[in-house]
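Model the full assembly from the supplied sequences, consistent with the hints where possible.
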Amino acid sequence: MTSVAVTGLGVVSPIGAGPESFWAALCEGRSGVSDVRAFPTAGMRCPRAAECPPAEPCENRVAALGFEAARQAVASAGLDSMPDGAALIMGTSVGGLPESEEAYLRALKKGRRLGGIRPYLNHCPSASTDLIAHKLHQNGPRITVANACSSGTAALGEAWLMVGTGEVDCALAGAADALARLTVGGFNCLRVVTSDVPRPFDKDREGMAVGEGAAFLVLENMERARRRGADILATLEGYGVSSDAYHATAPDPTGGGPLRCMRQAMEAAGIDVDSLGYINAHGTGTRANDDAEGRALAALLGERAGAIPVVSIKGALGHALGAAGGFEAAACVLALRRQTVPPCTGHRMKEPDLPLFVPTRPLRRSINYVLSINLAFGGNNAALVWRRAP
Amino acid sequence: MKPVWISGWGAVGPGGFDVTLPQTGTHPEKKAKRVPGGLPLKDGFSPGALRWLDRSSLWWVNAVRRALPENKESQAGQVVGIGWGSIAPTQSFISEFYRSGFQGMSPALFPFTVANAPAGQAGVLLSLKGGTITVNAREAAGLAAIVSGARMAATGLIPIGAAGAVDDLSGLLHYSLAKLRPPGSLPLGEGAYAVGLTADTPPAQLPGVRIAAWASASAPGGSHLFPADPAALWSRLEAGLRMRCGWGSNAADMLFLSQDVPALEDASRRWAAAEGAEKALVPFQGSLGACGASWAGAVILAARAIQESRGRRAMLMALSTGGSAYGLALEDGGAE
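Order-wise, the sequence lines are chains Z and U.
Heads up: the first sequence at position 194 corresponds to 194 in my numbering, and the numbers run straight through without jumps.
Heads up: the second sequence at position 73 corresponds to 73 in my numbering, and the numbers run straight through without jumps.
Just so you know, the hints here were simulated from the structure itself, not pulled from any lab data.
Since the structure is predicted, the reported quantities are computational estimates derived from the model, not experimental observations.
Among these hints, one or two may not hold up.
Cross-link-like lysine to any residue pairs, in silico, SDA-like; alpha carbons within 25 Å at most [claimed, not checked]:
id, chain 1, residue 1, chain 2, residue 2
1, U, K2, Z, K203
2, U, K2, Z, G166
3, Z, K109, U, S106
4, Z, K135, U, L225
5, Z, K135, U, S106
6, Z, K109, U, K2
7, U, K179, Z, G166
8, Z, K110, U, Q103
9, Z, K109, U, L225
10, Z, K109, U, S95
11, U, K2, Z, E223
12, Z, K110, U, G104
13, Z, K109, U, Y98
14, Z, K109, U, K179
15, U, K179, Z, G29
16, Z, K110, U, S100
17, Z, K203, Z, G29
18, U, K2, Z, I271
These stretches of chain Z come out as covered by chain U in the derived footprint (C-beta under 8 Å, 3 or more residues) [unchecked claim]:
id, region
19, 38 to 44
20, 92 to 102
21, 117 to 129
22, 145 to 156
23, 234 to 243
24, 334 to 345
Which residues of chain U face chain Z? A partial, calculated answer using Cβ under 10 Å [what the hints assert, rightly or not]:
id, residue
25, L21
26, S46
27, W52
28, F93
29, F110
30, N116
31, G123
32, H224
Ideal Cβ positions, reconstructed from N, Cα and C, are used throughout, including at glycine.
Dropping the structure here:
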């Protein structure tokens, strides 16, 4: 594998648009979680979510959020446009669901007179990727990863494979998702949504909150990036994937699946736990996720568990489902750039059963590598290793 | 990069568990190609395990368990393509909301609204613990997934696994697609098709079928339309495939091209004729139906033909609405 450089970054989030305001809000410990405004919530158990401001008009909201983040990333890489033959790889869990559910509800109200077809066609996750691609005049390989909550991380991993093996020189990779009744209501019916803000790895955590937004990164072959004089923000060094083979929604309580994919990513990067500056955890703030993931992290870190910071940014951003991996990639790159570990917003009290070091304030320290992981429905886990720019 | 081999296959489609083309004619029927009822899809599973399984998941689980060697299952990964996504369970879930509000939403149904539900269910029911991803590429989903699977296998990310796709025509999807498709389009299809992939060592059965190369590209155009110039995309893919596998021109004796709608069918025949490959063109979509999953069925057809010495090299190039295109080259493991 050739070295893969990160040369561009774009973010649209509930706590700020653009990498600078996103990072500032993360380090301030600001949370974007509040009462749902996107649709009426009568009868919903915990109507809490993290919402972005309205996006530019577009055929679907995921594409609108994604395009804005993608545009920022291309511009910040110093590129006038998508390079010829560059790949576009997007992770999304819901795709055009906000529009298709709206259309289907309208149809039900009218007694199944279905009206226009386009909202239903938008239901396919790749429709959002295609809309972004057309706006960017992209003509290279295109992949839409629909891996539920690990979509963004897996999309970046697939981009790493493509750039690292020389299949393409450059890839725009990231993730986007938007709030929908089905997802906010769905997590509510599973009774895993908090009435407060998510408190990852906290003793008193009571659940997650759905979020939305988008983040994209430009990944380039290192030689190409250097040749054109690009500012190298970080490098992507390893990717791991695994399956729990346990349950449709609940994680394997032993944490075996996440542990395997973290080890695979670290092996690909050629590092051990002593190299890690911090770990960006999935950390949804639900009891089941944080218990299982906490066990995997404790097993991975061993004696270093009390020394290597473990941070989830879902207290700040909510759980943006497929987009979560995009946000977390952006946070890892910015942390390596600023040599600062962001705080675990929402976390107050250590969980006695989890021997983890969870910082509640930004930590300035030397960071050479960051490991980031996402767990998903179906036990489809994915992990990435990021490195400080050379 | 390690060599990648096709080690097996499994299907749940219009032909039941088999994937074949008719001996004569191509696709006289225009009715959608549906999965027949009465298949023993639940055999070998405990009834409780399948209680809530949706059709897509049940079909995918059955395709995968036939595609993988039994003693390798626990290490195996999956790359699942979905053509149209989880639209049927999603509509059921939204209907629950319409009838009873947020309080009426069923926690049993919600997990099946997620696009990776078939992958998750196969992982649970077949104890597949290798890396698993789900990709979506509408009409080209099956080939997109096998291309991603080949990449993941060649780089050692999933040394063994199953790759393919699943599509379910239930619900509004059939209505939407039927409305959108011009007269004379090939019948729509549904089902699940998976191939087993193994990296490094050829599988036990000989002659092995090797994935010689893969390529992908895209073209601008309408977000819900097929590319306006399919020939240009096929030419780009073919050039990419030939560059990677070192084949000369006209080396493939089987050529699979998208023919979903009349314009594509015409373009495919013209492109094949211009390449001197008209006789190699395999019109599979009339039998399997036009859908993302059937492209994984095409890979099975090509691999079986190579295994049975009815051909030595196959080139498959799929286009999707929205403009994505994927190509795969297969060859006899003994080919120079």
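Status of each hint after checking the structure:
1. A threshold of 25 Å between alpha carbons decides the hint, and for K2/U with K203/Z the separation of about 46 Å lies outside it, so the pair is violated.
2. The suggested pairing of K2/U with G166/Z holds, with an alpha-carbon distance near 14 Å, which does not exceed 25 Å.
3. For the hint pairing K109/Z with S106/U, the CA-to-CA distance comes to about 20 Å; that is within 25 Å, so the pair holds.
4. Taken as a hint, the K135/Z and L225/U pair is honoured in the structure, with Cα atoms around 15 Å apart against an allowance of 25 Å.
5. A hinted pair counts as satisfied when its Cα atoms are at most 25 Å apart, and K135/Z with S106/U does not qualify at roughly 38 Å.
6. For the suggested pair K109/Z and K2/U, the alpha carbons sit about 55 Å apart, so the restraint of at most 25 Å is broken.
7. A distance of roughly 41 Å separates the Cα atoms of K179/U and G166/Z; the hinted pair therefore is violated under the 25 Å criterion.
8. With a CA separation close to 22 Å, the supplied pair K110/Z and Q103/U stays within the 25 Å bound.
9. At most 25 Å may separate the alpha-carbon atoms for a hinted pair to count; K109/Z and L225/U exceed this at roughly 29 Å.
10. About 10 Å separates the Cα atoms of K109/Z and S95/U, which keeps this hinted pair within 25 Å; it holds.
11. For the hint pairing K2/U with E223/Z, the CA-to-CA distance comes to about 24 Å; that is within 25 Å, so the pair holds.
12. For the proposed pair K110/Z and G104/U, the alpha carbon gap of about 20 Å is at most 25 Å, so the pair holds.
13. For the given pair, K109/Z sits about 8 Å from Y98/U by alpha-carbon distance, which is consistent with the 25 Å threshold.
14. Taking the CA atoms of K109/Z and K179/U, the gap is about 21 Å. The hint holds against a cut of 25 Å.
15. Annotation: proposed proximity of K179/U to G29/Z is violated, straight-line Cα distance about 50 Å (limit 25 Å).
16. Proposed proximity of K110/Z and S100/U is supported: the alpha carbons are some 17 Å apart, at most 25 Å.
17. For a cut-off of 25 Å, the pair hint linking K203/Z to G29/Z stands: about 19 Å separates their Cα positions.
18. A distance of roughly 23 Å separates the Cα atoms of K2/U and I271/Z; the hinted pair therefore holds under the 25 Å criterion.
19. Counting residues of the region 38 to 44 of chain Z whose C-beta lies closer than 8 Å to any C-beta of chain U gives 4; at least three are required, and the coverage claim holds.
20. Here's how the region 92 to 102 of chain Z fares: 5 of its residues keep a CB closer than 8 Å to some CB of chain U, so the rule of at least three is met and the hint holds.
21. Counting residues of the region 117 to 129 of chain Z whose beta carbon lies closer than 8 Å to any beta carbon of chain U gives 10, which reaches the threshold of three, so the coverage claim holds.
22. Counting residues of the region 145 to 156 of chain Z whose CB lies closer than 8 Å to any CB of chain U gives 5, which reaches the minimum of 3, so the coverage claim holds.
23. Closer than 8 Å: that is the beta-carbon criterion, and the region 234 to 243 of chain Z has 5 residues meeting it against chain U, so the requirement of 3 holds.
24. Check on the region 334 to 345 of chain Z: 0 of its residues sit with their Cβ under 8 Å from a Cβ of chain U, so the three-residue criterion for coverage is violated.
25. Taking 10 Å as the C-beta cut-off, the interface hint given for L21/U is violated, the closest approach to chain Z being about 28 Å.
26. Interface restraint check: S46/U against chain Z, minimum CB-CB distance 15 Å, threshold 10 Å, status violated.
27. Satisfaction of the interface hint for W52/U is found here, the shortest Cβ-Cβ separation to chain Z being roughly 8 Å, below the 10 Å cut-off.
28. Satisfaction of the interface hint for F93/U is found here, the shortest Cβ-Cβ separation to chain Z being roughly 6 Å, below the 10 Å cut-off.
29. Among the interface hints, the one on F110/U holds; its C-beta lies about 4 Å from the nearest C-beta in chain Z, closer than the 10 Å criterion.
30. Interface hint status for N116/U: upheld, as the beta-carbon distance to the closest one in chain Z is roughly 5 Å, under 10 Å.
31. Residue-level restraint check for G123/U holds (minimum Cβ-Cβ distance to chain Z is 4 Å; threshold 10 Å).
32. Given hint, H224/U at the interface with chain Z, holds; its Cβ is 5 Å from that chain's nearest Cβ, closer than 10 Å.
This entry does not satisfy hints 1, 5, 6, 7, 9, 15, 24, 25, 26, going by the numbered hints stated previously.
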